[in-house]
Every structure is written in structure tokens, then in C-alpha cells.
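FYI, my numbering numbers position 175 of the sequence shown as 175, with every residue one higher than the one before it.
A couple of the hints might just be wrong.
[What the hints assert, rightly or not] No more than 25 Å apart at the CA atoms, straight line, and that leaves these computed lysine-lysine pairs for BS3-like:
#1 K361 to K346
#2 K8 to K168
#3 K297 to K274
#4 K420 to K433
#5 K168 to K313
#6 K220 to K361
#7 K297 to K168
#8 K361 to K8
#9 K407 to K149
#10 K168 to K181
#11 K82 to K8
#12 K30 to K346
#13 K274 to K303
[As the list claims (entries may be wrong)] The following label-pair restraints were derived from C-beta to C-beta distances:
#14 G334 to N164: 40 to 48 Å
#15 K99 to R422: 20 to 28 Å
#16 V156 to D136: 16 to 24 Å
#17 E263 to G406: 26 to 34 Å
#18 G406 to K361: 54 to 62 Å
In case anyone wonders, no lab produced these hints; they're calculated from the structure.
All C-beta atoms, glycine included, are put in the ideal place defined by N, C-alpha and C.
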Amino acid sequence: MAVTPPSKPLVAIVGATGTGKSDLAVELAKRFNGEVINGDAMQLYRGLPVITNKITTEEMRGVPHHLLGKIGLEEETWTVGKFVANALGVIDEIRSRGKLPILVGGTHYYTQSLLFKDALAEEPKLKIEDDQSERDPILDKPTEVLLDKLREVDPVMVDRFHPNERRKIQRLLEIYLKTGKPASQIYAEQQSKKQLSKTDASDAASLRFPTLLFWMHASKDVLTARLDSRVDKMIEKGLLSEVEMLHNFRTEYKIHTGQEIDETRGIWVSIGCKEFSDYQYALCDGSYSDAALAKLKQAAYEKTQAATRQYAKRQIRWISIKLLNALLAAGQGGNTFLIDLPDVSKWDVAAVQPSSDITEKFLLGQPLPDPATLSEAARDMLNPRRDYDLSQRPDLWGKRECEACGKSYFNSNDWILHLKSRSHRHAVNAKKKKTNSQPNKTRDSTVVLEDMADVFESSMATFPIES
Numbered sequence: 001m002a003v004t005p006p007s008k009p010l011v012a013i014v015g016a017t018g019t020g021k022s023d024l025a026v027e028l029a030k031r032f033n034g035e036v037i038n039g040d041a042m043q044l045y046r047g048l049p050v051i052t053n054k055i056t057t058e059e060m061r062g063v064p065h066h067l068l069g070k071i072g073l074e075e076e077t078w079t080v081g082k083f084v085a086n087a088l089g090v091i092d093e094i095r096s097r098g099k100l101p102i103l104v105g106g107t108h109y110y111t112q113s114l115l116f117k118d119a120l121a122e123e124p125k126l127k128i129e130d131d132q133s134e135r136d137p138i139l140d141k142p143t144e145v146l147l148d149k150l151r152e153v154d155p156v157m158v159d160r161f162h163p164n165e166r167r168k169i170q171r172l173l174e175i176y177l178k179t180g181k182p183a184s185q186i187y188a189e190q191q192s193k194k195q196l197s198k199t200d201a202s203d204a205a206s207l208r209f210p211t212l213l214f215w216m217h218a219s220k221d222v223l224t225a226r227l228d229s230r231v232d233k234m235i236e237k238g239l240l241s242e243v244e245m246l247h248n249f250r251t252e253y254k255i256h257t258g259q260e261i262d263e264t265r266g267i268w269v270s271i272g273c274k275e276f277s278d279y280q281y282a283l284c285d286g287s288y289s290d291a292a293l294a295k296l297k298q299a300a301y302e303k304t305q306a307a308t309r310q311y312a313k314r315q316i317r318w319i320s321i322k323l324l325n326a327l328l329a330a331g332q333g334g335n336t337f338l339i340d341l342p343d344v345s346k347w348d349v350a351a352v353q354p355s356s357d358i359t360e361k362f363l364l365g366q367p368l369p370d371p372a373t374l375s376e377a378a379r380d381m382l383n384p385r386r387d388y389d390l391s392q393r394p395d396l397w398g399k400r401e402c403e404a405c406g407k408s409y410f411n412s413n414d415w416i417l418h419l420k421s422r423s424h425r426h427a428v429n430a431k432k433k434k435t436n437s438q439p440n441k442t443r444d445s446t447v448v449l450e451d452m453a454d455v456f457e458s459s460m461a462t463f464p465i466e467s
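Between the sequences and the hints, there should be enough to build the whole structure, so can you do that?
In C-alpha cells form, the structure reads like this:
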């Protein structure tokens with residue numbers, strides 16, 4: 001049986017930070033005449049190789065890398081649309097040289113939007129960067145004011161986010177102010193268009209190019225140890241010097257422009273920068289004792305480790321829910337391979353050899369092995385954590401208040417998991433005991449508990465639970 005090599009192939013490598021994505025990309029590029037495209041939002045910024053964890057010139061081993069160091073420190077992160085447009089241009093250039101494009105994704109909503117023709121709901125195309133003078137003054141008001149206004153104009157979206165998520169709330173209100181439409185209506189219209197497009201099989205949840213995807217993986221314990229060690233190495237390589245440089249840049253920018261840099265966006269929210277900012281301010285203040293400075297430094301170090309672990313967790317969650325579901329919907333499960341690396345000393349055997357063998361077969365158009373046969377981790381992890389993407393299910397959005405615990409939840413999965421939690425049961429029991437100690441309110445307590453049970457049963461029937 002004749003085999004047909006794929007036309008315009010693309011290799012994509014995803015995974016949590018610290019799993020060796022860049023190293024594998026270089027290995028494959030060396031073996032298959034490839035060039036690497038960066039898909040990490042922070043690595044688009046110029047300089048700051050430690051904070052952004054950019055690959056070094058030595059580590060590139062002569063392989064061309066693209067979309068590194070493209071924007072200034074004062075600029076906002078690229079939108080998804082801008083990244084996709086630039087990345088598609090680079091892919092065309094790489095192919096014009098007869099080479100293989102290899103995408104390394106750290107920012108996975110960038111990656112998914114590039115891989116799929118119609119992956120994510122697009123934001124309205126607002127020329128925000130060009131018309132700051134026309135910015136509505138309400139956007140600079142306290143978050144409570146923004147929430148009240150958003151609740152007035154877009155009650156559907158307001159309960160999807162936590163009140164502390166100022167940037168998201170601000171953006172949703174900005175969309176309404178610029179377009180005259182609530183974001184929920186715009187996204188609903190986009191979803192309707194997607195559903196209509198599914199009548200055309202060639203457009204339904206399809207990839208832009210024939211794609212081979214590798215998911216770099218390590219167990220939780222192994223990855224945690226690697227990430228904690230990475231923070232130590234970042235400090236050794238000059239993390240604090242880069243934090244100081246950013247502090248000086250911010251000061252000079254204000255002197256020269258008369259404007260404050262928005263530290264809630266862009267490079268200023270990168271891991272390491274924001275965690276060490278208090279320590280840097282204290283250093284510049286000059287009035288802190290050595291003991292106080294040491295305490296701030298240690299706290300910043302621990303915050304950086306914790307933030308790195310949380311970031312890795314979010315990356316894995318995105319892949320295991322959003323990306324895997326999208327790949328399966330596109331019929332691409334057979335082209336998705338998990339590379340499990342329990343020990344870096346086994347790099348060649350566990351990562352380079354299997355990925356090279358699979359890439360060779362892919363490029364030749366030969367049958368690929370069953371992804372589940374690569375490892376026990378592959379058999380487990382290549383099944384999505386749940387069979388839907390919450391962002392595509394508006395019926396699961398909404399705020400719920402737990403009176404017993406005094407907590408708010410902003411989607412049905414979190415709400416149901418809370419109702420099943422030990423802390424919730426303890427709070428309910430405590431409230432029951434307190435109420436039972438007041439005879440005239442005994443019946444009220446029973447009603448409350450029965451109501452909560454009804455809510456739980458209704459939720460179980462209405463909403464699937466994430467395992």
C-alpha cells in the first residue's frame with residue numbers, strides 16, 4: 001500500500017514548564033532539518049533571559065529560533081490574533097526554505113489557536129493600543145465600580161469571574177464600551193457561527209495543518225522537584241539583577257514619558273518579577289534592616305516556587321481538558337503522543353528516541369503507533385479529565401454562594417466539588433449544632449439542610465463532575 005507524506009506538516013511540542021520542551025524541539029530540528037517557533041508569551045519580550053526562561057544561544061545548537069524578543073518591556077502581551085498572524089507568517093517562511101516548522105508552546109491558548117482553524121472565541125478587534133486617549137475613565141475606577149457597571153450591562157459574564165480578577169472584569173467592560181455589545185452576546189454569536197460551520201465537515205474543529213503533537217510530561221513529584229530546583233538556578237543566573245533592571249526601567253520610563261507602566265499586564269506579571277517586587281522596593285528604600293530584607297527575600301523565593309508550581313498546574317489542566325478535547329473532536333487523538341520523562345538521565349531513551357521514531361514515520365506518511373502503548377502515563381493522561389470544555393458551556397457558568405462556609409464559586413464544577421468537600425460538611429454540621437442549641441430555630445435548620453441536599457442532588461443531575 002502506497003504511503004503519502006503529509007503536505008505542509010507541523011510538529012508541536014506542549015507541556016508544563018520544566019519538562020524539556022525546548023530541548024526536544026532542538027533535538028528534532030537537528031534530526032529533521034527544522035526551525036523552532038516560540039509559543040511562550042513572556043519570551044516575546046526583549047531581554048530578561050532568566051525571568052522569561054529563554055533558551056540560550058548555546059542550547060539552540062545552531063537551530064534557528066523565531067518569535068523571541070520581539071516586543072518592548074513597556075508593551076502589552078500580544079493578543080491571540082496577533083500571535084497567530086505572526087506565527088503563520090513565520091511558518092510560511094520556514095517552509096519556503098524547505099524546512100520543518102516546530103512549534104514549542106508554553107502559552108497554550110496561543111498554541112491551540114494556531115493549531116486549529118477556529119479554536120477559541122475571538123475577542124472583538126479593538127484598536128485599544130491606538131486610542132488610549134479615548135479610553136473611558138470608568139476603566140480606571142476601583143474594581144467594585146467596574147463590577148457594578150459590568151453587572152448592569154453584562155450579568156451573564158459578571159458571575160463567571162472572581163471579584164479579584166480585575167483585569168478580566170476590566171476587559172469585559174472595555175469590550176462593551178467599545179462595541180456597544182456585551183461580551184456574552186458577542187461570544188454567543190461566535191458560537192452560533194461555529195455551530196453553523198459544522199455543517200461543513202472540512203471546517204468542523206479542523207487543524208490548519210497535518211500536525212504531530214508531543215506532550216512532555218513528568219509525574220507530580222518529579223516535576224515539583226525540578227521546578228523548585230529551577231528557581232534556585234534562576235537566582236544563580238541573575239534573577240535578582242533582572243528584577244532590579246525592571247525596577248530601574250519602570251522609574252526611567254516614568255521620568256521620560258510622565259506615565260506609569262501598568263504593572264498588572266505584560267512582563268510585569270511574569271513569575272519572579274512580581275514575587276520579588278516588594279523585596280526590590282525595600283532594597284531601594286534603604287531603611288530596612290538586614291533581617292527585614294532577608295525575611296522579604298525568603299518570602300519572595302517561596303512565592304516564586306509556589307507560583308511556578310501553580311503555573312505548571314494550569315498548563316497541565318489546559319492540555320488535559322481544552323487541548324485534548326479539541327484534538328479528539330478533530331479526530332487527531334492518534335497523532336498526540338505523551339513523552340513521559342521520570343528521570344533526566346534517561347533523556348535519550350525516554351524522550352529523544354521515541355519522539356524521533358514517531359516523527360520520522362509521520363513525515364514519511366507511515367502508520368503511527370498507538371499513543372497509549374508508549375507508557376503507563378500515556379494510557380492514563382491521554383484521556384481528557386472531562387469530556388467538555390467549560391468555556392464552551394455557558395450553561396455551567398454562574399456564581400453560587402455557600403452560606404455555611406461564606407464562600408463564592410464561579411462555575412458549577414467548583415460548586416459541586418465544594419458541596420462534596422470535607423470542609424463544607426464540617427461547616428454544615430457546625431451550623432446545625434449551633435442552630436439545634438436554639439429550640440425555636442430547630443425546624444429552620446432542618447429546612448436549610450434539606451435545601452442544601454436538594455441543591456446537591458439537582459447539581460448532580462444537571463452538571464457533570466470533573467473526576
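Here is how each hint holds up against the structure:
The straight-line distance between the Cα atoms of K361 and K346 is roughly 23 Å, inside the 25 Å bound, and the hint therefore holds. Using a Cα cut-off of 25 Å, the hinted pair K8 and K168 is violated, with the two alpha carbons roughly 37 Å apart. Between K297 and K274 the CA atoms are separated by roughly 13 Å; this keeps the pair inside 25 Å, and the hint holds. As the CA atoms of K420 and K433 are separated by approximately 19 Å, the hinted pair is consistent with the 25 Å bound.
Annotation: proposed proximity of K168 to K313 holds, straight-line Cα distance about 20 Å (limit 25 Å). Taking the CA atoms of K220 and K361, the gap is near 31 Å; set against the 25 Å cutoff, the hint is violated. Simply put, K297 and K168 have alpha-carbon atoms about 30 Å apart, too far for the 25 Å limit, and the pair is violated. About 15 Å separates the Cα atoms of K361 and K8, which keeps this hinted pair within 25 Å; it holds.
Taken as a hint, the K407 and K149 pair is honoured in the structure, with Cα atoms around 23 Å apart against an allowance of 25 Å. In summary, the hint linking K168 to K181 is supported, as the alpha carbons are separated by about 16 Å, within the 25 Å threshold. Between the alpha carbons of K82 and K8 the distance comes to roughly 22 Å, so the proposed pair stays at or under 25 Å and holds. Distance hint between K30 and K346 is fulfilled; the C-alpha atoms sit about 19 Å from each other, no more than 25 Å.
Straight-line distance between C-alpha atoms of K274 and K303 comes to about 9 Å, which keeps the hinted pair within the 25 Å bound. A beta carbon spacing of about 41 Å between G334 and N164 agrees with the range 40 to 48 Å that was offered as a hint. Roughly 55 Å separates the CB atoms of K99 and R422, a value that falls outside the hinted 20 to 28 Å. At roughly 21 Å, the beta-carbon separation of V156 and D136 lies within the given 16 to 24 Å, and the hint holds.
A hinted range of 26 to 34 Å for the beta carbons of E263 and G406 is consistent with their spacing of about 31 Å. Separation of G406 from K361 is about 56 Å and conforms to the stated range, judged on CB atoms against 54 to 62 Å.
Of the numbered hints given earlier, the model fails hints 2, 6, 7, 15; all others are met.
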